[in-house]
Structures are given as structure tokens and as C-alpha cells.
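Each residue of the sequence shown is one higher than the one before, starting from 65 at the first, in my numbering.
Treat the hints as calculated values from the structure; they're not laboratory data.
Please read these numbers as outputs of a predicted model, since none were measured by experiment.
For every residue, glycine included, the Cβ atom is placed at its ideal position computed from N, Cα and C.
Hints may contain errors.
[Stated by the list, open to error] The calculated lysine-lysine pairs, modelled on BS3-like cross-linking and capped at a C-alpha distance of 27 Å, are: (1) K246 with K138; (2) K194 with K82; (3) K136 with K146; (4) K290 with K82; (5) K374 with K194; (6) K194 with K147; (7) K102 with K290; (8) K136 with K194; (9) K167 with K82; (10) K136 with K82; (11) K246 with K374; (12) K167 with K290; (13) K147 with K136; (14) K246 with K146; (15) K290 with K136; (16) K374 with K82; (17) K147 with K290; (18) K147 with K102; (19) K146 with K194.
[As the list claims (entries may be wrong)] Label-pair distances were calculated between CB atoms; the ranges are: (20) G129 with I301: 14 to 22 Å; (21) L286 with I206: 42 to 50 Å; (22) A145 with I301: 23 to 31 Å; (23) I213 with N282: 36 to 44 Å; (24) Y134 with F267: 46 to 54 Å; (25) A291 with A352: 39 to 47 Å; (26) I275 with S192: 30 to 38 Å; (27) K138 with F81: 25 to 33 Å; (28) L294 with Y370: 16 to 24 Å; (29) S202 with G139: 37 to 45 Å.
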Amino acid sequence: MIAMESGSALVLETSPFKSFISAFSYGVASMSMVFINKAILMQYGHSMTLLILQQLVTSLLIHFGRVMGYTKSKGFDTMTAKKLFPVSFFYNANVAFALASLKGVNIPMYIALKRLTPLGVLVAGFFSGKGRPSIQVSLSVIIIAAGVIIAALGDFSFDLFGYSMALTSVFFQTTYLVLVEKSGAENRLSSIEIMFYNSCLSFPFLLFLIIATGEFPNSLSLLFAKANSLPFLVILILSLVMGIILNFTMFLCTIVNSALTTTIVGVLKGVASTTLGFILLGGVQVHALNVIGLVINTVGGVWYSYVKYKQKSKPQKICTT
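All chains should be built: construct the whole structure from the sequences, respecting the hints.
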């Protein structure tokens with residue numbers, strides 16, 4: 065991404081290669097994180113404590129990286145923090161409800177429910193003044209959503225609480241992605257800087273949650289007790305590291321591409337995640353509706369990817385004031 069000042073506008077030039085790399089990296093990180101979180105929540109059910117640990121490690125690494133000169137991110141600025149507070153709130157609300165849903169919903173159905181996010185982003189973009197998307201983009205997203213609904217009808221282990229948490233997470237993720245795209249362009253912040261502010265601003269919200277939900281202080285005593293187990297410790301470290309990688313690639317993909325592209329990448333990686341979810345971590349029963357829904361979903365995803373590739377192949381400049 066190349067930035068050039070032209071009058072009062074900031075011009076961002078993106079190449080198809082960088083768009084692909086950012087989207088692919090986010091897809092791999094997102095798929096890995098689902099299984100890692102599910103694995104650790106099967107042993108340690110305190111999701112809010114896990115989330116605040118991920119954010120703490122993220123903020124500390126970015127801070128020391130900046131102090132030691134490994135990153136070029138700026139220090140904490142109060143005015144910038146105020147502008148990014150909504151981003152942090154919706155991000156942490158999204159992750160909090162998503163983790164809560166993973167405790168009661170199997171991976172294939174969790175992914176199916178989360179795939180409804182692109183439709184929300186499309187609607188939000190239309191009403192926020194971005195204009196109407198192309199017919200092909202709209203139809204591909206509708207097909208993806210239809211596939212999700214059909215696949216969800218084949219769920220043998222329906223969990224009302226888990227479904228409610230997942231759908232609430234979809235709402236928060238939709239709002240969050242749109243805000244990230246806007247703040248990354250208007251405030252001229254890098255993906256690392258947005259990630260740093262998000263981590264710092266999340267602490268009051270998450271501290272309130274772990275106290276309100278009754279996790280604290282039992283979650284800490286259980287964490288120290290389980291730390292004696294090497295397998296659990298390995299999964300915990302992987303969760304903390306992948307949390308950082310996922311945050312970075314998500315912010316980068318949204319800034320380089322768009323909020324809708326980020327959610328579509330999540331849909332495409334979900335095909336592989338769903339397949340593995342039928343086998344790994346206990347597996348689930350296979351139903352014909354799941355297979356039919358996934359096929360429909362994949363067709364829509366491939367169609368959308370083709371349309372976006374054709375658009376990115378053309379010279380493109382995005383100007384923001």
C-alpha cells in the first residue's frame with residue numbers, strides 16, 4: 065500500500081498481490097484460531113479471562129517493539145484513543161460473544177452462523193453511504209448466506225444459548241469491521257497502531273466483564289493450577305500468539321481491501337474449517353443439509369472471489385479526505 069499526499073487527500077494504491085497476501089494471511093490465521101480457541105475452551109471455560117490475556121500480551125509486545133525500534137508505530141495519544149474507542153468496544157464485544165458461543169456450539173455450526181456477517185456488512189455499507197454494490201457482488205453474498213441457512217438446518221445439537229451468542233457476535237462484528245475500515249483510512253493509522261489502541265482500550269471493558277460474569281477470581285486460580293500441565297500450557301501460548309497474528313492480519317486485510325472482503329475471506333476459509341470440524345475435537349454427526357449448504361456457500365464464495373479479482377486487476381486508486 066503506497067500513500068501519497070495530494071492536496072488534502074490521502075491516496076492509497078493497492079496491488080492485487082498485496083491484497084491477496086493480506087487476505088490469505090487473515091484466512092489462515094482465522095481458521096487456526098477457531099480450533100485453538102475451541103481446544104482451550106474445552107479445558108478452560110473462562111473465555112473473558114482468556115481474551116484479556118490475549119489483549120495484554122498484544123499491547124505489551126507492541127509497546128516494547130516500538131521502544132526497541134522494531135516497529136514505527138506512534139505512542140499512545142488521548143485524542144486518537146477517543147476516536148477509536150467505538151472500534152475497541154465492538155471488537156471486544158464481537159470476540160466475547162463469539163467465544164461464549166464456542167462453548168455450546170460445534171465448530172461447523174459456529175462457522176456457519178458467523179458466515180452471515182458478509183450480508184450484514186453489505187447492508188451496513190449501503191446505508192452508510194457507500195452506494196449500492198454490483199449485482200454480481202450482491203448475488204454472490206446472498207448465495208453465501210442462503211448456503212449458511214441450509215447448512216444450519218441440519219444441526220443435530222441445537223443450542224439456543226450458543227446460537228444467540230453467535231448471532232449477537234455477528235451484529236457486533238459487522239459494526240466493528242465497518243468502523244475499522246473507516247478509522248484506518250480517516251485517522252491514517254497503520255494496522256499495528258489500531259491493534260495497539262484496541263488492546264489498551266479493551267482493558268476496562270474486559271475487566272468489567274470478568275467481574276460481572278463471576279469469572280474473577282476463580283479463573284485465575286484455575287489458570288495457575290492448569291499451568292502445570294504441559295499440553296494446556298502449549299495450547300495457551302499458541303492462543304496468545306495466534307491472537308496477536310489474527311488481530312494484525314484482520315486489521316491489515318480490512319485496510320488494504322475492505323470490510324466486505326475481510327468477511328468473505330472468513331467465509332471461504334470456513335469451508336476448510338467446517339470440513340475439519342466434522343473430524344477434529346470430537347467431531348459432529350454429518351447431515352445431508354450440511355453438505356448441500358456448504359456446496360451452495362462455496363459456489364457463492366468462488367463467484368465473489370472471481371469478481372473481486374477482476375476488479376483488483378484494474379488500476380485502482382482510493383482517495384479519502
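Taking the hints in turn, this is what the structure says about them:
Under the criterion of a C-alpha separation no larger than 27 Å, the hint pairing K246 with K138 is consistent with the structure, at around 19 Å. Among the hinted pairs, K194 with K82 is consistent with the structure: their alpha-carbon atoms are about 23 Å apart, no more than 27 Å. Note on K136 and K146: the hinted pairing holds, with a Cα-Cα distance of about 21 Å set against a maximum of 27 Å. Proposed proximity of K290 and K82 is contradicted: the alpha carbons are some 41 Å apart, above 27 Å.
The straight-line distance between the Cα atoms of K374 and K194 is roughly 20 Å, inside the 27 Å bound, and the hint therefore holds. For the hint linking K194 to K147, the alpha-carbon distance of about 21 Å falls within 27 Å, and the restraint holds. At most 27 Å may separate the alpha-carbon atoms for a hinted pair to count; K102 and K290 meet this at roughly 16 Å. Restraint check for K136 and K194: not satisfied, since their Cα atoms lie roughly 31 Å apart, outside the 27 Å limit.
Of the supplied pair hints, the one linking K167 and K82 is violated, its CA atoms being roughly 35 Å apart against a limit of 27 Å. Only pairs whose Cα atoms come within 27 Å are accepted, and K136 paired with K82 is accepted, the gap being roughly 20 Å. Pair hint K246 plus K374 holds up; C-alpha atoms about 24 Å apart against a cutoff of 27 Å. The straight-line distance between the Cα atoms of K167 and K290 is roughly 18 Å, inside the 27 Å bound, and the hint therefore holds.
Between the alpha carbons of K147 and K136 the distance comes to roughly 21 Å, so the proposed pair stays at or under 27 Å and holds. Proximity of K246 to K146 is assessed by CA-CA distance (about 15 Å); at most 27 Å being required, the pair is judged to hold. As the CA atoms of K290 and K136 are separated by approximately 37 Å, the hinted pair breaks the 27 Å bound. With a CA separation close to 15 Å, the supplied pair K374 and K82 stays within the 27 Å bound.
Between K147 and K290 the CA atoms are separated by roughly 39 Å; this puts the pair beyond 27 Å, and the hint is violated. Proposed proximity of K147 and K102 is contradicted: the alpha carbons are some 33 Å apart, above 27 Å. In summary, the hint linking K146 to K194 is supported, as the alpha carbons are separated by about 24 Å, within the 27 Å threshold. Between G129 and I301 the C-beta distance comes to about 18 Å, which sits within the given range of 14 to 22 Å.
A C-beta distance of roughly 44 Å is found between L286 and I206, which places it inside the suggested range of 42 to 50 Å. In this structure, A145 and I301 meet the distance hint of 23 to 31 Å, their C-beta atoms being roughly 29 Å apart. Between I213 and N282 the CB atoms are about 38 Å apart, so this pair conforms to the stated range of 36 to 44 Å. One distance hint, 46 to 54 Å for the beta-carbon pair Y134 and F267, is violated here, with the actual separation near 23 Å.
For the pair A291 and A352, the supplied restraint of 39 to 47 Å holds, since their beta-carbon distance comes to about 44 Å. The given range of 30 to 38 Å is respected by I275 and S192, whose C-beta atoms sit roughly 34 Å from each other. Judged by the Cβ atoms, the range 25 to 33 Å given for K138 and F81 holds: they are separated by roughly 28 Å. In this structure, L294 and Y370 break the distance hint of 16 to 24 Å, their C-beta atoms being roughly 46 Å apart.
The hinted window of 37 to 45 Å between S202 and G139 holds, with their beta carbons roughly 43 Å apart.
The structure does not agree with the numbered hints 4, 8, 9, 15, 17, 18, 24, 28 stated previously, though it agrees with the rest.
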